[in-house]
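Since chain W is already given, all that's left is putting chain F on it; use the hints.
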Amino acid sequence: MQGERVIIRNGFVYDPINKVNGERMNIYIENGKISEEFKEEGAKVIDATGKVVMPGGVDIHSHIAGKINAARLFRPEDHKGDVVSKTTNTRSGVGYSLPSTFTTGYRYASMGYTTVFEPAVTPLEARHAHEELIDTPIIDSGLMVCLGNNYFTLKYIKEGEVEKLKGFISWLMKAVKGFSVKIVNPGGQETWKWGKNVTSLDDKVIGFDVTPKEIVTNLARVNEELGMPHTIHIHCNNLGSPGNYEITIETMDALRNIKPVKGRKNVVHIAHSQFNSYGGKTWRDFSSGAGEVADYINKHSHVTTCIGQVIFTNTTTITSDGPWQYRLWLLTGNKWTGADVELETSGGIVPYVFRKRNPVNAIQWAVGLELLLLIRDPWRVYLTTDHPNGGPFTLYPQVIGWLMSRKSREELLKKIHKAASTRTQLPGIRREYNLEEIAIITRAGTAKSLGLKSKGHLGVGADADVAIYSFNPEKDSTSDYEKIVSSFSKAAYTLKNGEIVVKDGEIIGSPMGKTFWVECKAPQEQEIMDDLEKTFYNYYTVTLTNFPVQFDYLPLHEPLKTMV
Amino acid sequence: MKQIVLVPRKLPSIPIEAEVISPEIFSGKNIEEIKELQVWNGNCKRKLGDFFSVKGVKSEDPNETHIVIQGDVSRVKYIGKEMRSGKITINGNAGMHLADEMKGGEIIVNGDAADWVATEMRGGTLKIKGNAGNMLASAHPGSERGMKEGIIIVEGNAASSLARKMRRGTIIIYGDIGDHAGSQMIAGTIICLGNIGRRPGALMKRGTIIVYGKAESILPTFIYDATYQPTFIRFYLKNLKEKLNVKLPAEMFNGDYERFHGDIAEDGKGEILLFKRKP
Chain W
1 MQGERVIIRN GFVYDPINKV NGERMNIYIE NGKISEEFKE EGAKVIDATG KVVMPGGVDI
61 HSHIAGKINA ARLFRPEDHK GDVVSKTTNT RSGVGYSLPS TFTTGYRYAS MGYTTVFEPA
121 VTPLEARHAH EELIDTPIID SGLMVCLGNN YFTLKYIKEG EVEKLKGFIS WLMKAVKGFS
181 VKIVNPGGQE TWKWGKNVTS LDDKVIGFDV TPKEIVTNLA RVNEELGMPH TIHIHCNNLG
241 SPGNYEITIE TMDALRNIKP VKGRKNVVHI AHSQFNSYGG KTWRDFSSGA GEVADYINKH
301 SHVTTCIGQV IFTNTTTITS DGPWQYRLWL LTGNKWTGAD VELETSGGIV PYVFRKRNPV
361 NAIQWAVGLE LLLLIRDPWR VYLTTDHPNG GPFTLYPQVI GWLMSRKSRE ELLKKIHKAA
421 STRTQLPGIR REYNLEEIAI ITRAGTAKSL GLKSKGHLGV GADADVAIYS FNPEKDSTSD
481 YEKIVSSFSK AAYTLKNGEI VVKDGEIIGS PMGKTFWVEC KAPQEQEIMD DLEKTFYNYY
541 TVTLTNFPVQ FDYLPLHEPL KTMV
Chain F
565 MKQIVLVPRK LPSIPIEAEV ISPEIFSGKN IEEIKELQVW NGNCKRKLGD FFSVKGVKSE
625 DPNETHIVIQ GDVSRVKYIG KEMRSGKITI NGNAGMHLAD EMKGGEIIVN GDAADWVATE
685 MRGGTLKIKG NAGNMLASAH PGSERGMKEG IIIVEGNAAS SLARKMRRGT IIIYGDIGDH
745 AGSQMIAGTI ICLGNIGRRP GALMKRGTII VYGKAESILP TFIYDATYQP TFIRFYLKNL
805 KEKLNVKLPA EMFNGDYERF HGDIAEDGKG EILLFKRKP
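Protein chains in written order, with the working numbering: chain W, 1 to 564; chain F, 565 to 843.
Heads up, simulated EDC-like pairs for lysine to aspartate or glutamate below, C-alpha to C-alpha not over 20 Å straight-line: (1) W:80 with F:665; (2) F:645 with W:82; (3) W:335 with F:831; (4) W:80 with F:708; (5) W:80 with F:581; (6) W:158 with W:531; (7) W:155 with W:531; (8) F:645 with F:665; (9) W:335 with F:830; (10) W:80 with F:583; (11) F:645 with W:77; (12) W:80 with F:646; (13) W:335 with F:708; (14) F:574 with F:600; (15) F:619 with F:596.
It is worth saying that the hints were derived from the structure and are not from the lab.
Chain W extracted, bound-state conformation (with noise of 0.2 Å):
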């Protein structure tokens, strides 16, 4: 806050970025950033001696505004066995897989995270789901639009018109206020509008005579052409299939060439891998093929991914990919909703239960800790659960103590079905986490692929948001996986700009979060504005004038600079 002075006194200090593994240090809090050492006197000081502190949590990926609020609505059940009443710092709310706003933003916050970015909206959403974003409490954010399956996109690059693409996304950028460009099942929802889906890179896309791969390549240079502070975001094709570990490998392997932009190595971001890395040709052969994909990230230093781990719990699947959700509907026989948002994507909802004892449940939830376990490098794989989908964001602690604990990992495979130590790497695997990759792979790493200058470190000038957590790397053991999941889940303070929110795991403030948003700025934007305003005028529900949100929708923002 502003003016206020704030010390966290004699912490264990996880700070990557700035190379800070574990030392005993001060850190420094001066109007809501990370200042130089100053005096005591007046300042308000926490004492965290005995405990870890980190910058705050940084999730990469979790859907929390947009059609998360379709799903709402339509899992009355998940509502009814989690209900949160109001305390005097907070509002009431309800949701167990499927939290509404304000729980979403407490309980970010009690678990230390301070950034969240939710990762597939549409564009014509985009004013929902900063409605949506307004009344999410605490916690900085972004949005993800999807451009993958885009009339726009695929028009411009049927006709080869890539500047044309380029001043589309510029344009689009600003207009919804947007962050990335995400992109679900290339080519795969366009089709799906014939009841059809794509199935490999070089599959047609009904109507427009491109395939996924020129999507894909396209877009990432375009991405990169007009220096997104983030890659190119994809959910590849085939998603959930047996074998589809394949068309992910092809996938990366097809913007291998793509030039970065200066600043950055990698050009893609491959989102939750582990649904995209499984072996075998049908239900009954399923295996992992995570080792494959591992291989493929361990060798080449393009791509970045985040996991989208399984875990074990009533939980409801949401995705744009409308093909994917009604197979899972198929074989489910769950409730399924699928939605068709005019010239831009599709989505589906399908509620699901992960089973210990189901084989295919056993191996997904082992691919997602294979990944996580074999990409050597932390600062290329992320910790999510692509919330909802794999499980609530809620259950992150859980992974991170089989991360850390081979030996909690052990007795849960001794418990599930035994498909998953048979056919899959996971028994094998030996390496734990330390607290420095703890810290990559939750805030610092994902804050570096977000491009994210200010948030995921304490160095000086940095966002005083810090969490802290009481473990004690000296005296509890790294492996004791009921001590990691407990002080996890209950961070013993976050700060967020300076201001204590959080104390013992209760909010104590719950100040309004940030939106974060790119400003790109290319000239071909007054190219295609007659295109523009044709196409909306003949096809879409709405006329261009309306389309962009207004800044009312952002009372708090902050525009980044393309890198370029």
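Okay, now just chain F, sitting in the frame of chain W:
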């Protein structure tokens, strides 16, 4: 069993929500403490003693607690909510949400019961001497499963939407049942000794509906299989008669039944057994 007697005073027109009337909550409390228990009257917090006079003997064990309500409580909701043990007797009409998610014990209503009674029941026994309202033994709106376990015996009629999304358990209705009985039923047994209304078993996956009287209509998604004398019915009804003292007509035991299977719009493993009278 140690009795605690509640006598309602003049009840307000706005219903009272009294989930505290439950053997688990009453046991271990003396009469004064029971009077202090909180109930809701609209949006006002009130005390149980404001609406009921309480007499009786303190009981330490919920299994040994017997709550007797003397009088009409048709505007008191949630009596016996989530109760696990003990007994409640209501000598009068019961209000909505009686036995909501009841897990065990016994409730006897010597009168009629309102709507939404025994919603998502998970065990225990409920006996209603009069008529039951709509949505008896159903699922809460939006829930995946309704009644999961337990026995319900209604000596009068039951209204519409009986046992929606029922998963397990037994329901016996001496009188007639309204429309939409056993809709979206997943499993379980409903026995109707009177007539059954329209569309019984719509969208049922599994489960059995046995009708002694007439069925007003059977959906076209139910397929006629055969007229036969199911062996299991003899054992099943014998069991009900001996263990639960259910009064069943003698001809039901060895009679002919028309079997329909459905709902073929769903799994189609459910069955409706219609008793066939001899001409």
